[in-house]
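Dock chains Y, X and S against the given chain L, drawing on the hints supplied.
Number of protein chains: 4
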Amino acid sequence: MISYNRFYQKIAENRLSHWLNTLPAQLTHWQKANLHGEFAHWQKTLDALPKTLVSNVELNTQVKAGEREDINDGEYKRIENLLKKFKPWRKGPYHIHGLHIDTEWRSDFKWDRLKDHISPLKDRYVLDIGCGSGYHLWRMRGEHAKFVVGIDPTQLFLMQFNAIQHFIKDDNVNLLPLGVEDLPELKAFDTVFAMGVLYHRRSPIDFLYQLKSQLTKGGELVLETLIVDGDENTVLVPGERYAKMRNVWFLPSAAAMCAWLERVGFKNIRVVNTDITALDEQRKTQWIDTESLQDFLDPNDSSKTIEGYPAPKRAIFIANI
Amino acid sequence: MISYNRFYQKIAENRLSHWLNTLPAQLTHWQKANLHGEFAHWQKTLDALPKTLVSNVELNTQVKAGEREDINDGEYKRIENLLKKFKPWRKGPYHIHGLHIDTEWRSDFKWDRLKDHISPLKDRYVLDIGCGSGYHLWRMRGEHAKFVVGIDPTQLFLMQFNAIQHFIKDDNVNLLPLGVEDLPELKAFDTVFAMGVLYHRRSPIDFLYQLKSQLTKGGELVLETLIVDGDENTVLVPGERYAKMRNVWFLPSAAAMCAWLERVGFKNIRVVNTDITALDEQRKTQWIDTESLQDFLDPNDSSKTIEGYPAPKRAIFIANI
Amino acid sequence: MISYNRFYQKIAENRLSHWLNTLPAQLTHWQKANLHGEFAHWQKTLDALPKTLVSNVELNTQVKAGEREDINDGEYKRIENLLKKFKPWRKGPYHIHGLHIDTEWRSDFKWDRLKDHISPLKDRYVLDIGCGSGYHLWRMRGEHAKFVVGIDPTQLFLMQFNAIQHFIKDDNVNLLPLGVEDLPELKAFDTVFAMGVLYHRRSPIDFLYQLKSQLTKGGELVLETLIVDGDENTVLVPGERYAKMRNVWFLPSAAAMCAWLERVGFKNIRVVNTDITALDEQRKTQWIDTESLQDFLDPNDSSKTIEGYPAPKRAIFIANI
Amino acid sequence: MISYNRFYQKIAENRLSHWLNTLPAQLTHWQKANLHGEFAHWQKTLDALPKTLVSNVELNTQVKAGEREDINDGEYKRIENLLKKFKPWRKGPYHIHGLHIDTEWRSDFKWDRLKDHISPLKDRYVLDIGCGSGYHLWRMRGEHAKFVVGIDPTQLFLMQFNAIQHFIKDDNVNLLPLGVEDLPELKAFDTVFAMGVLYHRRSPIDFLYQLKSQLTKGGELVLETLIVDGDENTVLVPGERYAKMRNVWFLPSAAAMCAWLERVGFKNIRVVNTDITALDEQRKTQWIDTESLQDFLDPNDSSKTIEGYPAPKRAIFIANI
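Chains as they are written, first to last, in the numbering used here: chain L, 7 to 327; chain Y, 7 to 327; chain X, 7 to 327; chain S, 7 to 327.
In isolation and in its complexed conformation, chain L is listed as follows:
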């Protein structure tokens, strides 16, 4: 059993206290009914991580906890072996006591592309929907956000997050194993991030309404998604797979995405960055055993996916309510 009591104490005394109406029941049900077959095994791996003295934590320019010198060779090896059991590590990188978790994605690149465009996170309540292992949660806290919550239903990501949390120990940063559909309309976050999720939703309009309903009045949405070139009437709905991913639904143009945001009631909508994912941002490392971007592209024409669609191009949208 994972205990969420410390999280409940925190929200009972902050502006998220109304979340107690639904959250404990959901998480209790989740622990009874929906655990991954490997969950108990993973939990043991987590429990086996050595309790170390973490001499420093750096979250503002990178996610780094402790120095190599804090631990001995045996501890270093043990940490490495245990953390590798949580492969594939997709989002990162992390540096733990000198161990470089060289994840598939350089998520720091994405952070660098957006961080100067968003409202300063200092003292804000922040929600990251589809946060993966939680890399950006730490960077948000590194910007002095007051309380950071990530949600992601993939339980391996929860394990990865808990492994990093084991070393950083910051109870203002939390990951909950929920999907966006599990959230009540909290209307309480100053900034909501939703990066890399919209194209996985069957109903992007409903998704935008869900995002909106998490924001406090005047709050800010930071949305990143796959786009295609075209005018405001251009939307690609690919066939069964896109870049080998099942479960990709709507890829609008940037103009179409802006129109959708406006239709749903967002204001002050702008595209702050568009970027074709480069092969040095998403690539195979020793921390993943699966394929990566270069396997998803046409070997003869990297401007196309292996299915012949335009290669992944991403845009970052910022908007307010």
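Note that these hints are calculated values from the structure, not bench results.
Check the hints yourself; a few may be wrong.
A pair counts as met if it fits within one copy or between any two copies, since identical chains are not told apart.
Claimed, not checked - DSSO-like mimics (lysine-lysine), calculated; alpha carbons at most 30 Å apart, straight line:
{"no.": "1", "residue 1": "K218", "residue 2": "K319"}
{"no.": "2", "residue 1": "K38", "residue 2": "K223"}
{"no.": "3", "residue 1": "K16", "residue 2": "K175"}
{"no.": "4", "residue 1": "K50", "residue 2": "K193"}
{"no.": "5", "residue 1": "K250", "residue 2": "K273"}
{"no.": "6", "residue 1": "K128", "residue 2": "K273"}
{"no.": "7", "residue 1": "K273", "residue 2": "K310"}
{"no.": "8", "residue 1": "K319", "residue 2": "K250"}
{"no.": "9", "residue 1": "K121", "residue 2": "K93"}
{"no.": "10", "residue 1": "K57", "residue 2": "K16"}
{"no.": "11", "residue 1": "K38", "residue 2": "K193"}
{"no.": "12", "residue 1": "K175", "residue 2": "K121"}
{"no.": "13", "residue 1": "K90", "residue 2": "K310"}
{"no.": "14", "residue 1": "K310", "residue 2": "K250"}
{"no.": "15", "residue 1": "K193", "residue 2": "K16"}
{"no.": "16", "residue 1": "K128", "residue 2": "K16"}
{"no.": "17", "residue 1": "K38", "residue 2": "K16"}
Same frame as chain L, but now just chains Y, X and S:
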């Protein structure tokens, strides 16, 4: 209270019996909680309709019940006065004892455009989602469908249907006051019609899955919706209003619509008709007191809506599962 | 799957139609979730019963279907073998094509004790709560009740009932696998029987309210239960077992039982019979393989149960609302 | 809106954290749906209580907060006037800044009768079911219980409790507006009190199971209820009223009550006190405007209620699981 007991008897003995798991509880709840403010008043109007001798019923080429000669002048006048209380009459026309209910829409035009393309309805179980006053339900029965169910949550349409049913009296034709989201996955209809609904749905993909889940194996979908010109990546999401309608979401091109149908798992997809709605098909009559098509178009350019979007163009899609 | 569609048709057209709000969902859930481990096996046994020509059915003086002469020796043997698979047969007796199902209980004795005291059942809707294999259901129908429903959650009893129904074929007699707590407040039955159930309820007062809520205005309750001697303040709550039965709670005196009935709102309350169960009414036969009454009594003093409580004494109460 | 956030914080960090699965949703629903018509008015009265300096609090020998000298005449008068708006005050007495709330009941008498018989409350989690205005909650805390929770669905009692809490300010003492049927099986309290409740329950056996399910292993039940004289088969179920109270159901003898407790699984059952309620323990004061005990008894024979039943006699039972 409207009694659905006769409907329950019918489905208890046919292939829709599993609908009894949810339907009676829904309709009981609906009658307790969701009746329109005018409902009791409308019901009285219905009850006041004279019980007439209906000398004949014609459903195959039109919807006609009884002759003028079956009734006297007083009865004729009374029927006319009572039926006008159910204005606006949108879908029709109907002929009741010589009274011509000249509805806003010539729904018979749409029927004529599709009837030769669909599988013969003889002996089929048919569902019409968003059926309005139920005009097409009668035409489906006129093609010898075995059991015809329409659903539409608008209660005035239910009254109009019940008024016509008062004269036709066919318990194999039924209208239930439900939305598509109220249906369980019945997997029982041979043909499902969904005409003029998809563009009102926030999530067209979920809507297509809902339609699919009503069909029996090998069943046929007949889908009619607003389209725009363009290739398979063209989708218009209008602003707050389209042709003065709020609540219009996705207008795909015919090619995009076909791609969506395929993605959701339909087969044998074809466009059997496209048509720009003409001013003689949707127009103001003495049976509606509201605006009609010509008020929704740009007065200087009838190829555009008053908001500047392409004027309504409709296509009929047929597909199988 | 047992189909209840015929039952739903029947109630859709009679005064029980409001039961459709809950019953189909309950029975569907029951078939999915709560079937006995032997259910499929029992169902096969049922299906193997030969379809015979039943030359006559007698329900008024006994429960008898068919004559020995209707069938040949092989069929007789087969019926006997199959029906013995449903042992133990507790309530009866039944006569099927000359086969005497000599059940543990002579339930006809109980019927004889009460039948002259109750309101004539002709044309009445009748409910029997805790009906066992349904012996009395047939006798009620034999008195020309219009529609007879028994409920009992024990699935073996359902099988026994269905076996008898296989020969009698009367769709105005039905047994549903429900407990009293599964019934909505139907307020629809003219007579409600509850025999041998009250002492198994943790809350006899709630049970009396449940019985009351099944009756139509002016309806009649026929309640039979174990009593003890004493005044209106005498109630025995035995220890863990009474006559080897677990799950026995309240044994009031007849006077106390009458006071409870009055308190709950019944009128015209009377005790029409009290009777110490005799060894010829409940005894071991070849149709049960388990112990019977004589094993439950003190071998040295048949006025006491083996635990030392007063031996079973039963009273029949009749009351109206 | 009453905020329960502080209570949620407390239980999130103690052994009641699993209560978060249901409690916040219940209390939110309660505040939306079930508030008494006077609730907003009462809340204003509460808010008008002066914030005083409370120089001392005494809970061990009485419930006393502050001295007369802590406040001036105007404050004293204001407190008196405001607290009288919460009449009738049934359980007490309380002493607030020298103001003597002379309640209908001398609940301290009952406490004195039981306090030497129960396990010392020091460091225990304690639940009081049907706690009224919460007088005994304070006395339990006065015995150094660690965390005290009372439940009572009557909202006026909640107001009285909150008024006293306004002066005492102890967040380890809480009253929640719940009935016993609203509690999940917490299995977490060291001592459960249920005084003056059992005779109001339709199903005393179910009530005993509910009490049992609140106790931690080895926990102690303190049950006080009305009894009658008699042996273990003696139980009075009065008619519509008992001592003018509607809603009185089962009055067992002490022996019967012990048998019930044993049947439900309690151990080490003993009667530690029986007592006929005296006229100086329950009587009319200026803090109630309604009738009291002497109005409920036969004016000519105080050993009988006005209905002729035995006058109220109470017993205290202690048992363990």
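Reference check for the pair K128 and K273, CA-CA at most 30 Å: within, between, both, or neither? Answer is within; shortest intra-copy Cα gap is 22 Å, inter-copy 53 Å.
Taking 30 Å as the upper bound on the Cα-Cα distance, should K193 and K16 be classified as within, between, both, or neither? Close inside one copy (18 Å) and across copies (25 Å); limit 30 Å.
Since the copies are identical, ignore which copy is meant and state whether K175 and K121 lie within 30 Å (CA to CA) inside a copy, between copies, both or neither. For K175 and K121, the Cα distance is within 30 Å only inside one copy (24 Å; across copies 46 Å).
Measure nothing new, just compare the shortest in-copy and cross-copy C-alpha distances for K90 and K310 to 30 Å and report within, between, both or neither. neither (32 Å within a copy, 61 Å between copies)
Is the C-alpha distance from K218 to K319 at most 30 Å within one copy, between copies, in both cases, or in neither? Answer is within; shortest intra-copy Cα gap is 24 Å, inter-copy 32 Å.
Indicate which option fits the pair K273, K310 if close means a Cα-Cα distance not exceeding 30 Å: within, between, both or neither. between (33 Å within a copy, 27 Å between copies)
Identical-chain pair category, K250 with K273, by Cα at 30 Å: between (35 Å within a copy, 22 Å between copies)
Within a copy, between copies, both or neither: which one fits K50 and K193 at a CA-CA cutoff of 30 Å? between (37 Å within a copy, 28 Å between copies)
Homo-oligomer pair classification [K93, K121; C-alpha up to 30 Å]: Classified as within: same-chain Cα gap 28 Å, cross-chain 57 Å, threshold 30 Å.
Between the shortest in-copy and the shortest cross-copy C-alpha distance, which are at most 30 Å for K319 and K250: within, between, both, or neither? within (15 Å within a copy, 36 Å between copies)
State whether the alpha carbon distance between K38 and K16 is at most 30 Å within one copy, between copies, both, or neither. Both: 23 Å inside a copy, 24 Å across copies.
When Cα atoms must be at most 30 Å apart, do K310 and K250 count as within-copy, between-copy, both, or neither? within (12 Å within a copy, 41 Å between copies)
This entry does not satisfy hint 13, going by the numbered hints stated previously; all others are met.
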